[in-house]
Each structure stands twice: as C-alpha cells, then as structure tokens.
Amino acid sequence: MSTRRLKDAAFALTAVNTVASYYYFTYLFFYLRDRHGFGDRGNLWVAALHGAVYIFAAWFGGRFAARRGYAVSLAAGFAGLALSIGAGLFVSSAAGLVALVAVYTVVLLLTWPALEALVTHGAEGWRVSHAVGLYNLTWSGAAALGYFTGGPLYDWLGAHLIFTVPAVLCAAQCAVVAWLARGGEGRGVRTAASGAAPDPAPLAAAGGRRDPVFLRLGWMANPLAYTAIYTLLAVMPGVATDLGLTPTEVGLYCSVWMFARLLAFGVLWRWHGWHYRFRFLAAGYLVLMASFVAVLLASSTVGLIVGQIVFGLSAGLMYYSSLFYSMDLAESRAEHGGLHEAGVGVGICAGPAIGAASLDLFPSPEAGTVAVTLLLAAGFAAMVRERRAARRG
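If you're matching positions, the sequence shown starts at 1 in this note's numbering and goes up one per residue.
Calculated directly from the structure, the hints in this document are not laboratory data. Please note that the accuracy of each hint is not assured.
[Said to hold, decoys possible] Quick list of simulated restraints, FRET-style, between CB atoms: (1) I309 / T248: 15 to 23 angstroms; (2) V168 / R385: 43 to 51 angstroms; (3) E366 / V168: 38 to 46 angstroms; (4) G244 / W179: 44 to 52 angstroms; (5) S92 / T248: 24 to 32 angstroms; (6) H130 / S300: 38 to 46 angstroms; (7) V370 / V306: 16 to 24 angstroms.
Fair warning: this is a prediction, and the values are worked out from it, not measured in the lab. For each residue, glycine too, the CB sits at the ideal point set by N, CA and C.
Using the sequences and the hints, build the whole thing.
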C-alpha cells in the first residue's frame, strides 16, 4: 500500500470515528433527558466528567501512540469504543451510563492523538499546514454530518441508535486497522512518529515568523473555546425544550455552528496569513465570547442560527490554531497531539463544571451562562498577558 493510500485511510478513519462519537456522546444528553429526567445541571456534570477523564486520557493516549505505534493504539481504541458504547444497550441505570462515559473517554483518546500524528507523519514545511487543513476539514465535516443526521435518526429509529450504530462503526474501524497493519505499508501504521522538524521557511513567508509563544497561546485559546462548545452541547436539550424543538429539529437547527466551523477550516486551510499573528487569534476569541452568549440567550430559531454561524467561525480559528501550532512546532507529533487533546479536555471539563456548579449555587437559569462567560473573559486576559510577556522577553 502506498503512503498516499495509507493517509487516505487515516482520513477515512477520522471521518468515521467522528460520526460515531457524535452519534453517541452528543445525543447521549438527549437520551439522559428522555429516559432519566436529566436537566441542564445533570447533563453539564456528565460533560464535566467526560472532560476531566479526557485530560489525563489524552496525555496517556499521546504517549502510548508515540511509544507503542499507531496500529496498536488505534486497534485498542476502536475495540474499546465498540465495547464501551455497545454496553450501553444493556445498562438501564443512569449511574451505569455515566460510568460508561468515563470508560468511553479513556479508549477514545487512544484514537485521536494517533490519527492526528498519522495524517501529518513525514510531512515538513507547508505540507504540515496542508495535512492539518485536510484533517480539520475531514473531522469537522463529519461532525456536522453526525449532528445533523443524528437528530432525525434519534426520532425515526429510536433512542437506542446512539449505542448500536456507533458500536458497529467502531468495530468496523478496528477491522480496517488490522488489515492496514498487515498490508504492505504496515510499517507506516505501526511506527511511533517522531517525524522530522518542520521547515520554517514556507510558513514564515505565508504568515508571521515561527514563534513558540503561539503554541502556548493556541493551547490556551482552544481549551477555552471548548469550554463554550461543551457547555452548549450539554445544555442543548434544554435550549431545544425552551424553543420547542424536536430531536429532528435540533439536528437541523443546532448543527449550524458545526457547518460554520467547517467553512472556517476551509478558509484557514487555503489562506495562511493568520499564521503566527496574534490579532487574528485575539479578535476571533472576542467574537467567540459574544456569540456564545447570543446562542444561549436566543429567544427564536433565527437568533439561534445567526449566533451559531458567528460562533462556529470563531471556534474554528481557535481549534485550528491549537492543532496547527502543535504540529508545526512539534518534536514528537503524537505526544503533541496528545497535549493538544488534553487541552481540549480541560475546556470540556471546565465550562460544564463551572456552569453546573453555578446552577447548584444560584437559582437563576442564567447563572451558568454568566459564570462561563466570566471564565472566558479571564482566559482572554491571561492570553494577553502571555503575549505581552513573550514580547518583553
């Protein structure tokens, strides 16, 4: 098998893995609402648990892939996903389902760092940007498709689809990895990619000069963006109830920000002028804060859609920055991919945890929105301080 075909297979695995995870985890919030009476507070705590486990699982997953190889990491991850998601069919208690979320999170993070490193393996200079761009378009497009179609499937096929369909998809991925590992390019799948250091010249011409502070800024901005993202995902059943939306309508109306994020990834992939330029990162972050509030406080589907478009565009910049700088400035891409994902876990945990704790402490339904917005504002202040400190140094 050629290297090109190997990378094509990695992109295909990325797409299928994303669809499976979105069918399962994002619609699990609706399942918990419908079958176990979870409201915003309960779903936020589930998302916070997912994030807390995600942090350490990502760090471990990146190191595991770097040391044991991509094939071992991916095979173990996909097999574990099939088992942990499929087990939900046989669990009737809310506590059991929440426990499975923790197991799911651990095995999920055996897949993402390995996939991120595999799609950039052997790339140098501008090819890193190209590979990261394709990767972002692949998973974000699959995420939008998964959320868009998951709602109608939830209504038409029944709530148990969140267990059956993802489990089957993950089992199929495990079989594909086993086939790839036995193929002619098996060494490429099995390798623990440290990769060569990227060539700085093309990137310096396209954007600003390569500056390690942007790796830290990206790792700050993206977790904060995920603070907002997973707060939205966890309370979407509540937003849907307030606006009178069915799961089918949620898939149609509430996936808009994911398509906007896909558009942002496409633009950022083709245009490199944002590389290593702080003003783009700062402006995008401020827009993300404002649109986050707009979506949560939307009183109509029109307001919900407009707010999501802006939110998705800005969230795309935050994620792209973190992953691009992780890959462009990496010495070990699998480990840096794990650290990038660990940052995602920080955001997944922090936003929902603060939102849920605020709802516990204060009776106002807006308490969670206010608390998470204040956290986002504090994060922006920290980014500005980091940038100023680096320029003084």
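Evaluated hints:
no.	hint	in the structure
1	I309 / T248: 15 to 23 angstroms	holds, 21 angstroms
2	V168 / R385: 43 to 51 angstroms	holds, 48 angstroms
3	E366 / V168: 38 to 46 angstroms	holds, 41 angstroms
4	G244 / W179: 44 to 52 angstroms	holds, 47 angstroms
5	S92 / T248: 24 to 32 angstroms	holds, 26 angstroms
6	H130 / S300: 38 to 46 angstroms	holds, 40 angstroms
7	V370 / V306: 16 to 24 angstroms	holds, 21 angstroms
Hint check: no violations occur; every hint is consistent with the structure.
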